[in-house]
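Which chain is which? The protein sequence lines are A and B, in order.
Those letters in the first sequence? Residues 0 to 431, by numbering that gives the first Met the number 0.
Those letters in the second sequence? Residues 0 to 431, by numbering that gives the first Met the number 0.
Everything labelled a hint here was simulated from the structure, so no lab data went into it.
Any given hint could be a false lead.
Just so you know, same-sequence chains aren't split out, so a pair can sit in one copy or run between any two.
Keeping only pairs whose Cα atoms sit at most 20 Å apart, straight-line, the calculated SDA-like set for lysine to any residue is [what the hints assert, rightly or not]: (1) Lys282 x Ser360; (2) Lys397 x Glu36; (3) Lys212 x Ala122; (4) Lys121 x Asn210; (5) Lys102 x Arg67; (6) Lys282 x Ser29; (7) Lys378 x Arg427; (8) Lys378 x Val174; (9) Lys102 x Thr394; (10) Lys96 x Gln322; (11) Lys282 x Arg427.
2 protein chains.
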Amino acid sequence: MPRQVSRDRSCIAETIAIGSELLNGGRTDSNSLRIAEILGAHGIEVRFKSIVGDDRADIAVVLATAVRRAGIVVVTGGLGPTADDCTREAVAGITGKRLVRRKEALEGMTARLTQWGRTPNKAQLRQALIPSGGTVLPNPVGSAPGFALTWKGAVLVVLPGVPREMEAMMRESGVPFLTDRRARSGRHLPEPIRRSVFHTWGLPEADVEANLKGLIPRGIPVGLGLLASSMGVLVSLTTGSRRSVSPGLIESLEQGVRVRLHEWLFAEGTDTMEVVVGRLLLKQGLTIALAESCTGGLISHRLTQVPGSSAYVDRGAVCYSNQSKTAMVDVPVELIAGHGAVSSEVAASMANGIRRRAGVSIGLSVTGIAGPGGATDTKPVGLVYMGLSAESGETITKELRFHGDRSMITQRSSQAALDLLRRWLLGRAGDV
Amino acid sequence: MPRQVSRDRSCIAETIAIGSELLNGGRTDSNSLRIAEILGAHGIEVRFKSIVGDDRADIAVVLATAVRRAGIVVVTGGLGPTADDCTREAVAGITGKRLVRRKEALEGMTARLTQWGRTPNKAQLRQALIPSGGTVLPNPVGSAPGFALTWKGAVLVVLPGVPREMEAMMRESGVPFLTDRRARSGRHLPEPIRRSVFHTWGLPEADVEANLKGLIPRGIPVGLGLLASSMGVLVSLTTGSRRSVSPGLIESLEQGVRVRLHEWLFAEGTDTMEVVVGRLLLKQGLTIALAESCTGGLISHRLTQVPGSSAYVDRGAVCYSNQSKTAMVDVPVELIAGHGAVSSEVAASMANGIRRRAGVSIGLSVTGIAGPGGATDTKPVGLVYMGLSAESGETITKELRFHGDRSMITQRSSQAALDLLRRWLLGRAGDV
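From just these sequences and the hints, can you work out the full model?
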C-alpha cells in the first residue's frame with residue numbers, strides 16, 4: 000500500500016469532473032485548471048484530478064477515494080436538469096444524507112428563471128434538492144445551485160460543470176466557504192501558490208532546458224515546468240504549498256529566466272503573441288495589413304481577436320491562388336513564374352503590395368507549403384517564406400522550415416511571422 | 000465504503016495522465032480521449048481517468064487506487080529524459096520491481112537517435128530502464144520506450160506523454176499486448192463500444208434534447224450524449240461494454256437521430272462544417288471567395304485548413320476598416336454612410352464585390368459587432384449580417400444575433416456563415 004500522501008490533508012485538493020462526455024465524448028476537462036488556479040491563489044494545491052462518467056456507483060467510488068487523500072474536494076458537473084445528471088444523488092448516497100428541497104436553493108433558481116421570463120419545470124425543480132446538512136452555494140449566472148458539505152473530515156464543494164457558472168460560484172461562494180471554515184478552525188491561511196509563466200519562441204525545448212540548467216538551487220521548493228506546443232515553449236516557475244519561498248527569491252529566479260531566455264522571450268503571464276504585437280503597434284502609432292497565402296487568414300484572425308485591434312489592423316488579403324496574389328497585392332506574374340509562389344521574392348512583393356494598397360505603416364506576408372500536397376523536388380512541405388515591408392522602404396524576408404502536419408505548419412508560420420514583426424517593432428522602438 | 004464497481008474488472012480501464020503541467024500548468028489532458036477511443040474499439044471501456052503531477056508518492060497513490068477498480072490501467076507521461084520525469088521509478092517502487100536496463104529498450108532508442116544523427120546522452124540512457132519482468136513496448140516515432148506489466152491482477156501499460164508517440168505505441172503494441180493476453184486467458188474478446196456522433200447547428204441544446212425525447216426505449220443500454228459549444232450541439236449515441244446491443248437496433252437509433260434532427264444536422268463522425276462545405280463545393284465544381292469583417296479571417300482560415308482546399312478557395316478579403324471594404328470589395332462609400340458597415344446592405348455588397356473581383360462561383364461575407372466595444376443604440380454587440388452572392392445574380396442575406404464574448408461571437412458567426420453556404424449548396428444540388 001502507498002504511504003499516506005501527507006499528514007495534513009487540509010491544504011491538498013482534488014478535483015472531480017463528472018460527465019460521460021469527458022470520458023469518451025471528445026471533450027477535455029478545462030474546469031480543473033481554473034479551479035487549480037483559483038485555489039492556488041489561496042495556498043491550496045490541487046494534487047489529484049479525477050474524471051468519471053454520469054454513473055452513481057462510479058461517482059461514489061471516486062468520492063470515497065478523494066476524501067482519503069485530499070482535505071478539499073471540488074466536484075463539477077452533473078447538477079443539470081437532464082436525466083443523466085446524477086451528481087447530487089451520488090453525493091447523497093455515499094455520504095448517507097437525504098436529499099431535501101431547500102428553500103434558498105429554490106428561491107435563487109426561481110428568481111433566475113423569472114429574470115429570463117421562465118418558470119421552473121419539474122426537471123429543474125430537482126435542482127433545488129440538496130443533501131441534508133449541506134450549505135447551499137448560490138449560482139449568480141445560471142439556474143442550478145451548488146452545495147458544500149463535510150464528510151470524513153474533508154470538505155466537498157459541488158458545482159455545476161458549465162465553466163462560467165463554475166468559476167463565478169467558486170470565486171463568490173466556494174472559496175469564501177473554504178477560507179471561512181479554515182479561519183474558524185484557528186489554522187492560519189497558507190501562503191498563495193505563486194506561478195510565473197514565460198512564453199518563448201524560436202528555441203527548441205531541449206535548448207530551453209539547457210539554458211535554464213542550474214537556475215533553481217538544490218533544495219529550493221520551486222518547480223520549473225516546460226511545455227512545448229506549436230506556439231513555442233512555455234516556461235513556468237511554481238511554488239508549492241508545502242514549503243514557503245521568499246518573494247525575493249522568486250523574483251530573482253524570474254529575473255534569471257528573463258536573462259537566460261531574453262533572446263526568445265516574447266510574453267509573460269496570460270499575454271499572447273498577438274496581444275504583445277498589438278500593444279507595440281498601438282504604442283508606436285503604427286498600422287498594419289496582412290497578405291497571407293499558406294496561413295489562409297490565421298494571422299488576420301489572431302490579430303483581430305484582440306479587443307480594440309481595429310485601431311491598428313486595417314485589412315488582410317488571403318491570396319490563396321496565384322491570380323489573387325497578382326490581383327490583390329500586385330505580385331508581378333513574372334515573379335511567380337520565375338521564382339515560384341513560395342519564394343523569398345514573392346513574400347517580399349506580397350508585403351510591399353499590401354502595404355502600398357492599404358496605405359498602412361507595415362505590410363506582413365507569409366507564403367509556404369503547408370502540405371500534405373504541394374511539395375516539389377526543391378520545395379518541401381514546411382518551407383515557408385515571410386516578408387515585412389515598412390513605409391521607409393525597408394523590406395525584410397525570412398525563410399523557415401517547419402515540421403509537422405498542415406495545422407502545425409500554419410500555426411507555427413503565423414507565430415513566426417508575428418515574431419518577426421515583434422522583433423522589428425522592438426528594434427525600431429529606440430528610434431521612435 | 001462504496002460497493003465494488005463490477006465483479007469483472009477485465010473490461011474496465013482507467014487512464015492516468017502524469018505531468019505537473021496537467022495539474023496547474025494550463026495544459027489539458029487530451030491523450031485519455033484518444034486512449035478511450037482506441038480501447039473502446041476493442042470493447043474496453045474507460046470508466047475512470049486520473050491526473051497527477053510528477054511526484055513519485057502521488058503517482059504511487061493513484062496507481063494503487065486504479066488497480067483496485069480497473070483491470071487495465073494505461074499510464075501516459077513522465078518517461079522523458081528530464082529530471083522531473085519519474086514515472087518509471089514510481090511504477091517500480093509501488094510494484095516492488097527493480098529497474099533494469101533492457102537490451103531491446105536500449106537498442107530501439109539508440110537506433111532511433113542514430114537515425115536522427117545523435118547518440119544517447121546520460122539522461123536518455125535512463126529511458127532504457129524498465130521494471131523487471133515488464134514487457135518493453137517499442138516507440139516507433141520517438142526515443143523513449145514504454146512497458147507493460149501485471150500487478151495485482153491488473154495490466155499496466157505505461158507510455159510516453161507525447162500524443163503522437165502515445166498513439167502509435169498504443170495501437171502498435173499496447174492493444175496487441177492486451178488482446179493477446181486476453182485471448183491466451185481463454186476469455187472471449189468483448190464487443191466493440193460503438194459511438195455515433197452527429198453535429199447540429201442552429202437549434203438550442205434544450206430543443207435538441209426535446210426533439211430526441213423518447214428516442215431510446217427504456218432499458219436499452221445506449222447512452223445519449225449532448226454537448227453544446229460555439230460550433231453547435233453535438234449528439235452522441237454510445238453503447239457500453241457491459242451489455243451488448245444489436246447492430247440493427249443501433250442503426251435504427253442512428254436513423255432516428257437523423258430524422259428528428261434532419262433540419263439542423265450538418266455532419267456526422269469526425270467531419271467538420273468546413274470539411275462538409277468543401278466536399279459540396281468540390282462535388283459541384285464551384286469556387287469561392289470570402290469577404291470578412293468581424294470574423295477577421297476565421298472563415299478563410301477554417302476553409303483552407305482542409306487539405307486540398309486550394310481547388311475551391313480562391314481568396315479572402317479581410318476588410319476590417321471601412322476604407323478597405325470599399326477598396327477591396329467595392330462597397331460604395333454611400334452604402335456604408337447610409338446603412339452603417341454592419342448592415343444587410345453592406346453584407347450583400349461585400350459578397351457581390353468579392354465574387355466579381357475573384358471571378359468565382361460564390362462570394363460569402365460577414366460583417367458584425369464582435370464586441371466588447373463598437374455597439375450603438377440600435378446595433379448591439381452580437382449583431383451579425385452575412386451575405387451570399389451567386390454567379391446567377393442571386394444574393395441572400397441573413398441577420399443573426401449572438402450572445403457571448405468576442406471569441407464566441409466570431410466562432411458562431413463563422414459557423415453560421417458556413418452553414419448558410421451549406422444550405423444553399425444543398426438547395427441547388429437538385430438542379431446540378
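Hints and how they fare:
no., hint, verdict
1, Lys282 x Ser360, "within (13 Å within a copy, 42 Å between copies)"
2, Lys397 x Glu36, "neither (39 Å within a copy, 41 Å between copies)"
3, Lys212 x Ala122, "between (57 Å within a copy, 13 Å between copies)"
4, Lys121 x Asn210, "between (61 Å within a copy, 18 Å between copies)"
5, Lys102 x Arg67, "neither (32 Å within a copy, 41 Å between copies)"
6, Lys282 x Ser29, "neither (34 Å within a copy, 39 Å between copies)"
7, Lys378 x Arg427, "neither (33 Å within a copy, 40 Å between copies)"
8, Lys378 x Val174, "neither (56 Å within a copy, 38 Å between copies)"
9, Lys102 x Thr394, "neither (69 Å within a copy, 55 Å between copies)"
10, Lys96 x Gln322, "neither (71 Å within a copy, 66 Å between copies)"
11, Lys282 x Arg427, "within (12 Å within a copy, 50 Å between copies)"
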